[in-house]
Amino acid sequence: MGLSFISSILFATVVAGTPLIIVALGELVTEKAGVLNLGAEGIMSVGAVAAFAVAHHTGSPYLGILAGMGAGMLMALLFGLSALTLMANQVASGLALSIFGVGLSAFIGKPYESVALASVDPIRIPLLHKIPLFGPSLFEQQGLVYFSWVLIAAVAWFLYRSKAGLILRAVGESPVSAHAIGYGVVSIRYQAVLFGGAMAGIGGAFLSVFYTPMWVEGMVAGRGWIALSLVVFATWRPGRVMIGAYLFGGCMITQMFVQGSGARISIPAQFLSSLPYMATVVVLVLISRNRSTIRLNSPASLGQPFLPDA
Amino acid sequence: MPTQTPDKPRLALKGIRKVYPSVVANDGIDLAVMPGEIHAVLGENGAGKSTLMKVIYGVIRPDEGQILWEGRRVTVPNPAQARELGIGMVFQHFSLFETLTVVQNVALAIPGEFDLPALSQRIEEVSERYGLPVDPRRLVHALSVGERQRVEIIRCLLQNPRLLILDEPTSVLTPQAVRKLFETLRQLATEGVSILYISHKLDEIQELCHAATVLRNGRVTGTCTPSQETPKTMARMMIGEDLPVCSHGEPDDGGEVRLRIVGLSHATEDPFGTDLRNIHLEVRSGEIVGIAGVSGNGQQELLKAISGEEPLADKHAVQMCGVKVGHLNPARRRALGMCFVPEERLGRGAVPRLSLTENILLTAYRKGMLFSGLIRWGVAKRFAEDCIARFDVKCGGPNSEAKSLSGGNLQKFIVGREIMQEPKLLVLAQPTWGVDVGASSFIRQTLLDLRNSGTAILVISEELEELFEICDRIVVIAKGTLSPSKVTSKTGVEEIGMWMSGMWPETGTSGDAPHVA
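Residue numbers (my numbering), protein chains in the order written: chain W, 4 to 313; chain D, 5 to 521.
Because the hints were derived from the structure by calculation, they are not lab data. Note that the coordinates shown come from a computational prediction; the quantities given were computed from them, not determined experimentally. Misleading hints may appear alongside valid ones.
[Stated by the list, open to error] Derived EDC-like pairs (lysine to aspartate or glutamate); straight-line CA-CA distance at most 16 Å: (1) K166/W <-> E117/D; (2) K133/W <-> E143/W; (3) K18/D <-> E88/D; (4) K166/W <-> D119/D; (5) K371/D <-> E286/D; (6) K428/D <-> E314/D.
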């Protein structure tokens with residue numbers, strides 16, 4: 004086990020954590036506005052297939068990302084229409100969207116199943132990428148990895164430093180009060196849902212265009228659900244979302260290395276596979292068990308439809 | 005008194021009409037407020053006061069009628085527009101965000117630059133100038149109700165309003181806090197701000213207001229100058245008849261102890277709740293004991309401990325009719341003869357979508373309504389019919405849904421249901437909250453009659469007048485602890501008001517606490 008082995012585990016961890024961070028931050032903003040969109044898995048799937056198709060036909064992975072984002076926003080719009088305008092149950096609408104998205108992506112993706120996409124060269128930050136151990140994992144990555152870091156800072160700044168973020172949190176806390184002092188609750192919630200959709204679309208695009216890069220039915224493989232639970236276990240705080248995502252990614256990669264290394268260990272493979280899920284939940288529960296912090300950070304109106312007075 | 009030329013009203017309403025599917029909330033309402041005038045809008049619950057204020061503040065749109073602002077005809081499509089005109093509103097149920105700080109809450113309502121430090125400074129200036137102390141950095145959920153109201157008022161004042169609307173502002177304040185509020189309002193009026201003061205408390209209106217408009221059933225039934233009226237004449241305008249008076253029998257203190265709370269301490273599960281600390285209380289048969297206090301001081305937690313909604317680890321802490329019940333659930337406590345009327349009528353007192361008969365079954369099933377596990381609907385229905393007749397509940401019959409009843413009628417029904425179970429101990433929370441004057445006095449009289457027949461009654465209320473009207477003894481709850489008890493005739497609003505802010509003499513040094521164990 005040399006330095007290069009650890010370095011490659013770190014590298015893979017960052018890559019595995021990236022889509023989770025992007026999707027979870029989108030969902031975090033949505034939920035902070037009081038909307039529970041359980042459709043992340045479906046939105047990611049559609050985003051992934053749209054991005055793959057566009058990247059394949061145009062040859063540009065970045066146009067692919069834009070397409071994934073657009074597709075994600077369309078899916079989110081569908082959710083908004085049902086849950087915000089028609090005031091259907093948010094949980095049911097989100098679940099339906101997930102099932103619909105996974106199925107739709109499989110349908111659209113059929114012709115692309117045997118197609119391969121050229122892998123995209125990473126963006127090297129001069130000099131820094133030569134730092135031993137950390138260099139490659141932090142400074143020789145895909146553009147979206149850097150984007151995910153900017154996104155963490157941007158979401159944190161938006162929520163806790165900007166007036167728009169304050170308004171968003173206020174809407175999630177008490178839509179009735181926000182309406183009474185004159186904010187358009189439904190339109191603010193739409194914007195939050197669309198942002199969440201865009202991020203889930205980008206997360207999906209990252210998987211099909213950079214991570215694998217190919218299209219396989221069901222390739223999102225539950226990452227949408229992981230992202231959803233990360234938001235809750237991270238008690239709606241951007242920094243903790245990052246910790247959770249990398250922890251999950253790290254455990255995932257480590258157990259794959261262990262299983263793949265053929266080392267003679269007598270732990271059942273199923274147990275190793277479930278380790279990332281258990282470790283993430285345990286750690287996030289431990290760091291977030293203070294009840295009043297949960298109350299202070301969780302949006303009080305989460306999942307409740309808002310109907311303004313006539 | 006008005007300071008500027010009183011020829012042009014700041015706000016004039018002409019023929020405002022608002023119809024809801026089931027009720028005409030406002031019907032041809034005219035109203036005029038002069039600059040610097042404190043104008044009362046007087047009426048019972050359901051008279052249309054709140055609807056009218058929401059029309060002025062742009063929360064709802066009227067079906068007909070005109071709004072004139074300083075002589076100019078305007079439409080107010082939303083609250084933002086109202087604020088732009090110079091209208092500020094302090095809501096009855098506060099519109100604050102609990103998980104945000106004071107300054108963040110204020111920032112949400114103020115247009116312009118987002119600069120919290122500068123805004124904190126302005127909040128401190130205004131709070132100094134008008135005697136409204138509040139720390140801008142604190143989180144709202146940690147504030148008392150009085151402090152929250154100050155935040156709401158400051159939030160309005162920072163927008164330099166020319167008309168301030170206050171909706172039942174004193175319902176949550178101690179008498180001392182009410183006096184301070186009045187000083188602030190008078191100061192504002194002398195600076196030329198017009199104030200619309202919504203209330204059903206006649207004495208307050210007499211003390212504070214320059215003019216009054218009285219509403220009943222959505223119509224204006226009169227305007228008057230409160231200083232030239234008596235509460236009696238204003239009450240006649242408000243409810244159309246004289247204020248009913250309850251008759252109080254002689255106090256009788258020889259009864260057996262029905263409820264005994266001994267050293268009850270309980271840490272609440274709710275992070276925003278209040279922990280109970282070392283509470284002692286006794287309620288005897290044939291007496292009404294009242295618990296006064298500003299809401300949020302532990303009333304909810306104490307009620308849950310008494311009703312059994314939150315069973316305690318220590319079974320000795322609560323005793324009913326001599327049985328230790330701290331660990332028992334509500335059903336087993338009810339089996340011992342306790343009945344309970346919670347504060348929320350819909351949801352806890354009654355199930356909104358169930359019929360009245362089904363709601364009877366929920367708590368009164370012990371009155372012969374079950375037969376080897378099956379429901380005897382006939383008995384339940386007769387019980388419901390009796391209750392409706394005896395307590396004069398206006399409804400479509402025993403099959404109407406609970407939520408179709410008005411607040412006052414549903415409350416009469418729930419109180420009736422509990423009383424008809426002939427309880428040994430009756431616990432009530434806010435028994436007349438949101439109930440009109442006629443129904444309130446009926447409920448109070450019923451409680452007095454029940455006391456005379458030997459029931460032990462515990463009432464938790466924020467309305468001091470109500471407690472002084474019906475209780476034999478009063479205790480005060482503040483910050484999760486209970487004061488010694490006072491015989492009602494030997495204390496006054498002034499003393500109880502002091503106690504409500506947590507300042508009472510130590511137990512043991514006070515000779516007025518014979519019942520405290």
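Now the hints, each set against the structure:
At most 16 Å may separate the alpha-carbon atoms for a hinted pair to count; K166/W and E117/D meet this at roughly 9 Å. Distance check on the hinted pair: K133/W and E143/W sit about 9 Å apart at the alpha-carbon level, within 16 Å; holds. A hinted pair counts as satisfied when its Cα atoms are at most 16 Å apart, and K18/D with E88/D does not qualify at roughly 21 Å. Distance restraint check for K166/W and D119/D: the Cα-Cα separation of roughly 9 Å lies within the 16 Å cut-off, and the hinted pair is therefore satisfied.
Restraint check: the Cα-Cα separation between K371/D and E286/D comes to about 28 Å, which exceeds 16 Å; the hinted pair is violated. Between the alpha carbons of K428/D and E314/D the distance comes to roughly 21 Å, so the proposed pair goes past 16 Å and is violated.
Violated hints, listed in ascending order, are 3, 5 and 6; each of the other numbered hints is respected by the structure.
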